[in-house]
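Q: Protein chains in written order, with the numbering used here: chain V, 1045 to 1156; chain C, 159 to 275.
A few of these clues could be false.
[What the hints assert, rightly or not] Quick list of in silico lysine-lysine cross-link-like pairs, BS3-like style, CA-CA up to 25 Å:
{"no.": "1", "chain 1": "C", "residue 1": "Lys236", "chain 2": "V", "residue 2": "Lys1143"}
{"no.": "2", "chain 1": "C", "residue 1": "Lys236", "chain 2": "C", "residue 2": "Lys226"}
{"no.": "3", "chain 1": "C", "residue 1": "Lys226", "chain 2": "V", "residue 2": "Lys1143"}
{"no.": "4", "chain 1": "V", "residue 1": "Lys1049", "chain 2": "V", "residue 2": "Lys1115"}
{"no.": "5", "chain 1": "V", "residue 1": "Lys1143", "chain 2": "C", "residue 2": "Lys182"}
By construction, these hints were calculated from the structure, which means they are not laboratory data.
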Amino acid sequence: DQQVKQNSPSLSVQEGRISILNCDYTNSMFDYFLWYKKYPAEGPTFLISISSIKDKNEDGRFTVFLNKSAKHLSLHIVPSQPGDSAVYFCAASPNRDDKIIFGKGTRLHILP
Amino acid sequence: DAGVIQSPRHEVTEMGQEVTLRCKPISGHNSLFWYRQTMMRGLELLIYFNNNVPIDDSGMPEDRFSAKMPNASFSTLKIQPSEPRDSAVYFCASSLALQRRHGNTIYFGEGSWLTVV
Chain V
1045 DQQVKQNSPS LSVQEGRISI LNCDYTNSMF DYFLWYKKYP AEGPTFLISI
1095 SSIKDKNEDG RFTVFLNKSA KHLSLHIVPS QPGDSAVYFC AASPNRDDKI
1145 IFGKGTRLHI LP
Chain C
159 DAGVIQSPRH EVTEMGQEVT LRCKPISGHN SLFWYRQTMM RGLELLIYFN
209 NNVPIDDSGM PEDRFSAKMP NASFSTLKIQ PSEPRDSAVY FCASSLALQR
259 RHGNTIYFGE GSWLTVV
């Protein structure tokens, strides 16, 4: 029973274009959402987060959008660069709880 | 600053053997998490501790798995007896729980790659 769902196992995007990674969640108690990036043979590293009181958070080339009514969030990367090729994990945390639940991840390939 | 330190990085063991994975969280962090990564299930939360106390172990797959945190700077995840289906990458992560609610997050170690043959 996946509470955080990333339905696209992989995504290929041309360098310079926009990458859009999607994530859906089922638990209405989630109030804090995160994206992590993972390179092979390394641990996941934090990328960007958003609180449920916001609908958008931007950090350089990375923007996360949150649609609470649809229980959907997305990560936009623009412009996409070769170093962005990695696995991206969507994650969520319930209200007043410290645990973080991750999705299965989406592998992003940036094509030259 | 040292990050989360895990050992061993790689372990190959025979079915039925005991496996112990170790984690040293970032100094000052008071929450510690054990995750398992597999192709089928992605990153699963196994258990997490707050101030050395286990808070939620609902993700521990079965009684063969156990985790301890005897002090603020050390935790172990033990599998006994190990089975081939336990083969996965096991990640430890830590955070300063109060800060996380204000925008910080959890920090992962590099993982322990376990292969049970």
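Q: So, against the hints stated earlier in the document, which numbers end up violated here?
A: none
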